[in-house]
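Trainee: Reconstruct the complex from the two isolated chains, following the hints.
Quick mapping for you: the protein sequence lines, in order, are chains A and B. Heads up, the first sequence is in our numbering, so the first residue is 1 and it goes up one at a time. Heads up, the second sequence is in our numbering, so the first residue is 1 and it goes up one at a time.
Do not take every clue at face value.
[What the hints assert, rightly or not] Chain A regions said to be covered by chain B (calculated; three or more residues, Cβ under 8 Å):
| no. | region |
| --- | --- |
| 1 | 102 to 109 |
| 2 | 122 to 135 |
| 3 | 139 to 149 |
Read the hints as simulated data drawn from the structure, not as lab findings. Computed from a predicted structure; not experimentally measured. Quick reminder that beta carbons are idealized off the backbone N, C-alpha and C, glycines included.
Spelled out from the first residue to the last, the chains are:
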Amino acid sequence: MGNSPTEQPGRTGRPNEDGQLHSEKPNDDRSPAQGISVIREPARNDDDAWTKDTVFEVKGVTVCYSGKPAVKNVTMDIFRNEVTALIGPSGCGKSTLLRCLNRMNDLISSASVDGEILYRGQDLYGTKVDPVQVRKLVGMVFQKPNPFPKSIYDNIAFGPRVIGMDNVEERVEKALRRAALWDEVKDRLDDNAYGMSGGQQQRLCIARTLAVEPEVILMDEPCSALDPISTGRIEDLMAELKEDFSIVIVTHNMQQAARVSDRTAFLIVELDATEDSRWGQLVEYDETGRIFTNPRDSRTEDYVTGKVG
Amino acid sequence: MAPRTRIPGTERARLATSGAHATTLRRLTAQPGADIWKGNIFLAALLFALTIALAGLAAIILQAAIEGAPAFSIKLLTNGPSTVNPEEAGFRPALIGTLYLILGVILLVVPLGVAAAVYLEEYADGNRWWNRVVELNVQNLAGVPSIIYGILGLAFIVRGPLDLGFILAAGSLTLALLVLPTVILASREAIRAVPSSIREGSLALGATQWQTIRRQVLPAAIPGVVTGVILAVSRAIGETAPLLLVGAATFVTFNPSFLGDDGYSALPVLIFNYASRPQEEFRVLAAAGVVVMLVVLLAMNSFAIWLRNRYEQQW
Numbered sequence: 001m002g003n004s005p006t007e008q009p010g011r012t013g014r015p016n017e018d019g020q021l022h023s024e025k026p027n028d029d030r031s032p033a034q035g036i037s038v039i040r041e042p043a044r045n046d047d048d049a050w051t052k053d054t055v056f057e058v059k060g061v062t063v064c065y066s067g068k069p070a071v072k073n074v075t076m077d078i079f080r081n082e083v084t085a086l087i088g089p090s091g092c093g094k095s096t097l098l099r100c101l102n103r104m105n106d107l108i109s110s111a112s113v114d115g116e117i118l119y120r121g122q123d124l125y126g127t128k129v130d131p132v133q134v135r136k137l138v139g140m141v142f143q144k145p146n147p148f149p150k151s152i153y154d155n156i157a158f159g160p161r162v163i164g165m166d167n168v169e170e171r172v173e174k175a176l177r178r179a180a181l182w183d184e185v186k187d188r189l190d191d192n193a194y195g196m197s198g199g200q201q202q203r204l205c206i207a208r209t210l211a212v213e214p215e216v217i218l219m220d221e222p223c224s225a226l227d228p229i230s231t232g233r234i235e236d237l238m239a240e241l242k243e244d245f246s247i248v249i250v251t252h253n254m255q256q257a258a259r260v261s262d263r264t265a266f267l268i269v270e271l272d273a274t275e276d277s278r279w280g281q282l283v284e285y286d287e288t289g290r291i292f293t294n295p296r297d298s299r300t301e302d303y304v305t306g307k308v309g
Numbered sequence: 001m002a003p004r005t006r007i008p009g010t011e012r013a014r015l016a017t018s019g020a021h022a023t024t025l026r027r028l029t030a031q032p033g034a035d036i037w038k039g040n041i042f043l044a045a046l047l048f049a050l051t052i053a054l055a056g057l058a059a060i061i062l063q064a065a066i067e068g069a070p071a072f073s074i075k076l077l078t079n080g081p082s083t084v085n086p087e088e089a090g091f092r093p094a095l096i097g098t099l100y101l102i103l104g105v106i107l108l109v110v111p112l113g114v115a116a117a118v119y120l121e122e123y124a125d126g127n128r129w130w131n132r133v134v135e136l137n138v139q140n141l142a143g144v145p146s147i148i149y150g151i152l153g154l155a156f157i158v159r160g161p162l163d164l165g166f167i168l169a170a171g172s173l174t175l176a177l178l179v180l181p182t183v184i185l186a187s188r189e190a191i192r193a194v195p196s197s198i199r200e201g202s203l204a205l206g207a208t209q210w211q212t213i214r215r216q217v218l219p220a221a222i223p224g225v226v227t228g229v230i231l232a233v234s235r236a237i238g239e240t241a242p243l244l245l246v247g248a249a250t251f252v253t254f255n256p257s258f259l260g261d262d263g264y265s266a267l268p269v270l271i272f273n274y275a276s277r278p279q280e281e282f283r284v285l286a287a288a289g290v291v292v293m294l295v296v297l298l299a300m301n302s303f304a305i306w307l308r309n310r311y312e313q314q315w
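Bound-form chain B, shown alone (with noise of 0.2 Å):
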């Protein structure tokens, strides 16, 4: 039986696996139909909307490069405005104005932020309504427009209970306030991005809750909180509408100082004055200090960064 039946068993056996290949092969090769386009055109679609964004950007930054190169000098850090003699101005009090104004805002808005935060992650009760009201409070706050909070900084720490008069630290207090509650959300990630396993592990060693939160909660919600930092500091930067309304000046030839009264400037604002003049060579110097600016926001972005990373915590 065996030496008869074996060679067409043999033929039968390897038409059966060609045939097994090629309807495996069949089953494997891409099927003719639209979801291979489908696919692509959505892959487009997300590279379009990737394009337009990225091209704006680059767009802005061109343009102010372009627009702004005639200016650029050391002119621009080192000498104040002038309305007469638009080669000569700088925007040396405008920039430490601005400076002066973010650190202030990093200073109210870092402890006051983080202590909401931990607050509200670690301490409140979510089942109470007024915790409730509170966070929903918070995430509305997050999006009123600026203009509001100028008008309340003007009312209330300008004039009104606080009465500081027209000062920078007015401005920075204001400032603060309108980036507090990015603040107060970022770190509220953060921290309840911190496992509940660390926690526990630190008050079954017999650490109070303060103990825990201040030596293992926070260093490791560092990234986080230095992240919302970032936004909000990036945000308060570049802020013109309510610093007008607490006092920001346009054309302020000397130094500011926190609490002196007599007028502080700003960048955004003083790039605002130059920008809406007719002549040429302020539209010149708008775009050298919009430069300026940007490259402010992305020293302190880049340090923020590096902060960042230097605390980055895998889980």
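Isolated chain A, as found in the complex (with noise of 0.2 Å):
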């Protein structure tokens, strides 16, 4: 705790690393050789990740809230129409590094974050970024659905209307369809939302935020308060969703990791020798087939197979 303002993470070193490697392999490694031998390194299926577009890059990211770190020194590459999940156990930092990325964190007056987010390689928290703006591009779906108390319509058309879209009554239309609700709700618009289940009501938050066009999705545990069948309906979506998205979820279910995403990071808690501080760090990073598989990290493999929780 006490050495924690001063550890600055890696903002020296890492950069240059992951801006050659786009970072497929985030964990925090010790030895200097490593960073130019990855590079050189074929693997896998890396020729994918070079042609594919990042939408963020993370570069050594520590948030703390009043002092006391949640989550340290995390690098990753987000990639463009992909579903990216992030997996770990309670208190590895996952939604408080999802809440970075469109800056919901800035609510939290006690929050503050280090080292650097790279929206299509403008820096995140620059001074002449506005947080509003951010939202806008990168738009969030909450762990409980949080309808607002109005018609099924006016929670759809709130965005648009709030940011000055016009045609709102056709963008509800296309956001409803889009999120696979319009055939259950077209009847009773003007209905209060808080009137439909909680798996429509969820779908709802989603539509919601599609009809603001953002170009990236995060999803915070969007399917913890669900049914099996509206969980397996929201899957559907994000599947469909990601061609024209990019989505970021965080999820306590692996198994929703391995069935949803593309690429999975691994985080974990980390406590220093006294106990008395903890952390979350970034274990592995890489693409979810692997992660799943053939892990190269021991702790993830123990997380995946269920043998920690």
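Mentor: The following block contains the structure:
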């Protein structure tokens, strides 16, 4: 706890490596030689990674609440038109990390973000960047469905209206169709959204996010309050949506990560020697198939095989 | 083995079963002891307290209705007050004065109270000492006696910096200051009751903080704000002391206006005046005035409750 603020996460060394690497390997290596050797490594599907566009480049990010780190020194690239999953035990900082990506952490006055997050090459925390504009491009779906206490129509129309889009009516229908909700609600658009089932409410929240045409959708355990059928619907939806959007999902459910995601990041809770300080740390970030079948780190293997929870 | 043992076995089983039933029944039956009595006494005490409260209210209404009955007529609402002719006297200028006063109070107190509450809830950083001082003071202000606001009104609004003179608007302003803390506190409660998930949902769509407050938080807080305004107005409508200080006269025979400086009156002021006269006829008038005031109060509260139910929201 005491030394954490001084421990500036690799601002100096790592960004270069990652810029070349597209960060297949974010784990905090101690061997200086590794950086060079990995670049040459024609590993697996790295070709794929080379050609893909990144949306986010997370470089040595540390997030602190009141000076206590919640997640330390995370470096990873998030790719366009993919579903990227963040998994790990409770308290490993995956939600914290997710909320950095659209600057929702700004709402918590005690939170501070160190390191660098680039969104399509631009520093998301640059001095000229307005968090409100960031959130227009990077939408978010929350753990618990949180429809507004308004009609179904107004729930969707709210976003386009406040950001001054035209053709609101068209956008509402389009968003509901994209969220596979149109047929269920088209006859009751004026009903209060609180009359919908939990699964429908969550799809409404997704539709609401789609209506403002973001480029990225962040999902913070979007299915944890839902039954298996609703969960299945939302997972199907994610598979369709990644054609047009990039999705980052935090999930407690490893099977869900395996089902829906293209890439998976595994985070873990670290304790310091005296165990009075704990923080999240990125252990491994790779293609989902590899994380679940052939992880490099034994801790990842223990987690995904259920040896540790 | 089976035929020989089965009969006594069943017997024994039956005995055992009935014994078990009896035991269970005994354990389920109420225990003789003080517990039940204590519960009943407690319930009785609660009902007693409720009865006292309701009886007081009923007594006031009945007493005023019975005593004022001889004076009930349309004249109460259409005629002005009179010192010589109680049969013809009414409350028209005072009633209109009260309605104007309350209208002024609502117009002042809703925007000011809601704005202060929004600042304290949504913008103020509770860790800063000056915000905590403001909070504490708002809470204390809600308990300050009304006569003090009367003196304040006289010194700062009627005379002093504002120098409005003894006009109805000065009375409204004084009453508004008096009930403002109530509205602020109630509005803060209402704003705080709006779940933060609603704010997050709105902000995550790219709405600004102001858009979020204006279009999500405030609409959802309307029921609570309205409740606060009901409480505030109910208090303001019955206040006499501050009004006496800031110039409400008792005998005004013409309809008042907001800014006219030829005097205004209010129901409680006139009731107070009638009630303090020795003649029986004026006492009757005072009682009838109480009924008029209660009717005005009930009408306004019903409207407010209707408004609140219309916007009521379950989370």
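Trainee: If a hint holds in the structure, say so; if it does not, say that too.
Mentor: A quick look at each hint next to the structure:
Restraint check on the region 102 to 109 of chain A versus chain B: 4 residues with Cβ-Cβ distances below 8 Å, three needed, restraint holds. Proximity of the region 122 to 135 of chain A to chain B, defined as three or more residues with a beta carbon under 8 Å from a beta carbon of that chain, is established by the 3 residues found. For the region 139 to 149 of chain A, the assignment as covered by chain B holds, since 8 residues bring a beta-carbon within under 8 Å of that chain's beta-carbons and 3 suffice.
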